[in-house]
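Chains as they are written, first to last, in this note's numbering: chain A, 1 to 210; chain B, 1001 to 1153.
No wet-lab data here; the hints were simulated from the structure. We treat Cβ as the ideally placed atom computed from N, Cα and C, and that holds for glycine. There's no promise every hint is true.
A short list of chain A residues far from chain B (calculated; beta carbon distances all over 12 angstroms) [stated by the list, open to error]: (1) ASP5; (2) ARG26; (3) THR54; (4) ARG56; (5) ALA70; (6) SER81; (7) VAL86; (8) GLU87; (9) VAL119; (10) ARG134; (11) ASP155.
Looking from chain B toward chain A, a few residues come up when the C-beta cut is under 7 angstroms (computed) [stated by the list, open to error]: (12) MET1001; (13) ILE1014; (14) ALA1024; (15) ALA1028; (16) ASP1049; (17) LEU1054; (18) VAL1056; (19) LEU1057; (20) ARG1058; (21) PRO1063.
DEER-style ranges, computed between Cβ atoms [as the list claims (entries may be wrong)]: (22) VAL1133/B - ARG94/A: 55 to 61 angstroms; (23) ASP5/A - GLY1031/B: 45 to 51 angstroms; (24) GLY62/A - THR1082/B: 46 to 52 angstroms; (25) ALA1132/B - GLU159/A: 38 to 44 angstroms; (26) SER74/A - GLU1108/B: 34 to 40 angstroms; (27) LYS41/A - VAL1133/B: 47 to 53 angstroms; (28) ASP1015/B - SER63/A: 24 to 30 angstroms.
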Amino acid sequence: MRTRDYYRTEVVTAPVEASAAELAERMGEFAVGCVVIVDEKGNPVGIVTDRDLTCRVVARSGSPDKVRAAEIMSHPLVTASSEEAVEQVVDRMRTAGVRRVVVLRDGRLSGLVTVDDLVVELGRELDDIGEATRRAVESGRRRGHRERRRADMEDTLSELRSSVERAGRDVADFLSREFESLRERVRRPSGSSSDETAKASGQERPKGRS
Amino acid sequence: MPIGDYCQRDVHSIDAHETLRAAAVRMAEEGVGSLVVLQGRQPRGILTDRDVSLRVLRDGLDPDATAVLDVLGRDPVMMHETSPLRAAAALMRRASVRRIPIVNAKEELVGVIAFDDVLRLVASELAGLAEAVASQAPPGRAPVEPAAAPEVE
Chain A
1 MRTRDYYRTE
11 VVTAPVEASA
21 AELAERMGEF
31 AVGCVVIVDE
41 KGNPVGIVTD
51 RDLTCRVVAR
61 SGSPDKVRAA
71 EIMSHPLVTA
81 SSEEAVEQVV
91 DRMRTAGVRR
101 VVVLRDGRLS
111 GLVTVDDLVV
121 ELGRELDDIG
131 EATRRAVESG
141 RRRGHRERRR
151 ADMEDTLSEL
161 RSSVERAGRD
171 VADFLSREFE
181 SLRERVRRPS
191 GSSSDETAKA
201 SGQERPKGRS
Chain B
1001 MPIGDYCQRD
1011 VHSIDAHETL
1021 RAAAVRMAEE
1031 GVGSLVVLQG
1041 RQPRGILTDR
1051 DVSLRVLRDG
1061 LDPDATAVLD
1071 VLGRDPVMMH
1081 ETSPLRAAAA
1091 LMRRASVRRI
1101 PIVNAKEELV
1111 GVIAFDDVLR
1121 LVASELAGLA
1131 EAVASQAPPG
1141 RAPVEPAAAP
1151 EVE
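Isolated chain B (complex conformation) (with noise of 0.2 angstroms):
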């Protein structure tokens, strides 16, 4: 099961120069929780609600004066398309993130894939999972044919 496809394909995205301010206007207006910050066509790591509420009013950086790319980390954390699904959960636990933007062979954004994703999918793996043992009715619950009645001599 390559992960491209299974990411989400309409990606919101932010250019690594525009500000936080104008982050977080796209976020409160598309109604999403991160955008992904691209260079080109290349992600360059992504910024969450969190990163913006926290470098803007706990450590009092300038909404206006900091591009996205300022306060990102150093490493971003991405998987090629054709990378398996379960490696995603794996990446994700690793490195302590929920969203992963997804690349092909050029480096260039395809996708994301988040944590509420992988997490659908795997809920969707254990009902059919439930189904099948559910259906498989255990030994002492068979159904039994009813017994014949003993003939009488």
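So here's chain A without its partners, still in its complex pose (with noise of 0.2 angstroms):
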């Protein structure tokens, strides 16, 4: 992770000369904490912040008209290289106590990495794992679901089966019940059956006949 990716390139400035007044006006109007102070070739200088005003200027009676940048801002800049690793730069953030620092390249001011703009971005990558998490999760209850429907199936068609190998086999026993019968029915010689209607046909046959 490397710094370039993770600094904003729009960074509020003011001159060393420019009033109390003026910087909290750009603090307002640019919607930002702070505004880095150039000299008059445009090098960064120090930076001023909104707590630096609360506490460097309305804390202190005098008239607020009268104070420059030049005389509340913090400097020397604590600084970083735009291809410094990220986590670099947040271990200087810690031991310098500071949450921005402002971003060089060549000399030349060109951004400044902000904890808050850390935070933001680590927390969309966070956003990311967690969707991707969240997706993960579904599509393996999803995929638990077709395997639970498939193991349902599979039950399902396996109960199936041997029901229809007990019909089979009750089908099959009547049968063989029947064709039994059937053979002892034929096998038996006429009137000796103890068939009552056999022994009645029987006894209605001419016994000489055989």
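Make the complex out of the two chains shown on their own, each in a separate frame, by following the hints.
Structure (structure tokens):
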């Protein structure tokens, strides 16, 4: 992770002779919490935050119109190179106790890395990770659902198969019993049957014929 | 996780009738970026260093003649101490604030939850998760027992 992927290049600047009121005006207008102070050549020389204005201007009595950026700015600047690893910059923020680091390219002001921007950027990445995880879990659940349905179907099929087999056995039993009794009837000599009908019919038959 | 268990109980506050100058002095002396504005024991809102600098230097309010209550919004954002912690981040997002006063059933101030506190809690949870992930070696990298040398017939 390089710093160049995490910093903003639109930086609000003001000259060293800007008044405290002008700095506050810029902070309000551009909705930023700091203004980078530059010298006449445009090189960054210091930084003033909204907090600096409160603690170094409003907290002191006297006319704020007479206070210039040069008197209240924090300097020397904590800086980073755009090619530096962002972890290194975060480390520098921690040791210097600052939330904003000015990014230089070839010694010129190139942008600003802020803790807030980093949190937003990391938050976006986390959001992506969260979304990816949610989708993975969902597709796993769907897969699980498909597997469950297949298992259900297999269960039903095997139940069906065994009931078909059972039914087949019953039919086979019935048929074999039928065949058996049919064979019995065919094999049985006439008249000797215990069957009343057969007996009756046998009795009706003239014995001398066979 | 009720928010009352996580908020900072040591709160820097200022009376609603104090001036913006007094608030700026307190912020500078106490090394804080915001103060809970109190009327009695009930919070009326939060005053930040940004509020002070912009209202005085940009808008030209007289810091010695303006009461802190006069620069606060009408609808203070607050949370009850029994609210869940996760609701804090959602409320911060909705109300675009970074600090929320936490109150008890009588709406008296008991603490403050700041964006930084929530961020730290989330970060430590994430670090725990990251460790859990790291401790589960991916299948491809699972330590494999060295295969026994094939026996020669």
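**Message:** If you test the structure against every hint from before, which numbers come out violated?
**Reply:** Hints 2, 3, 4, 9, 12, 13, 22, 23 not satisfied by this model.
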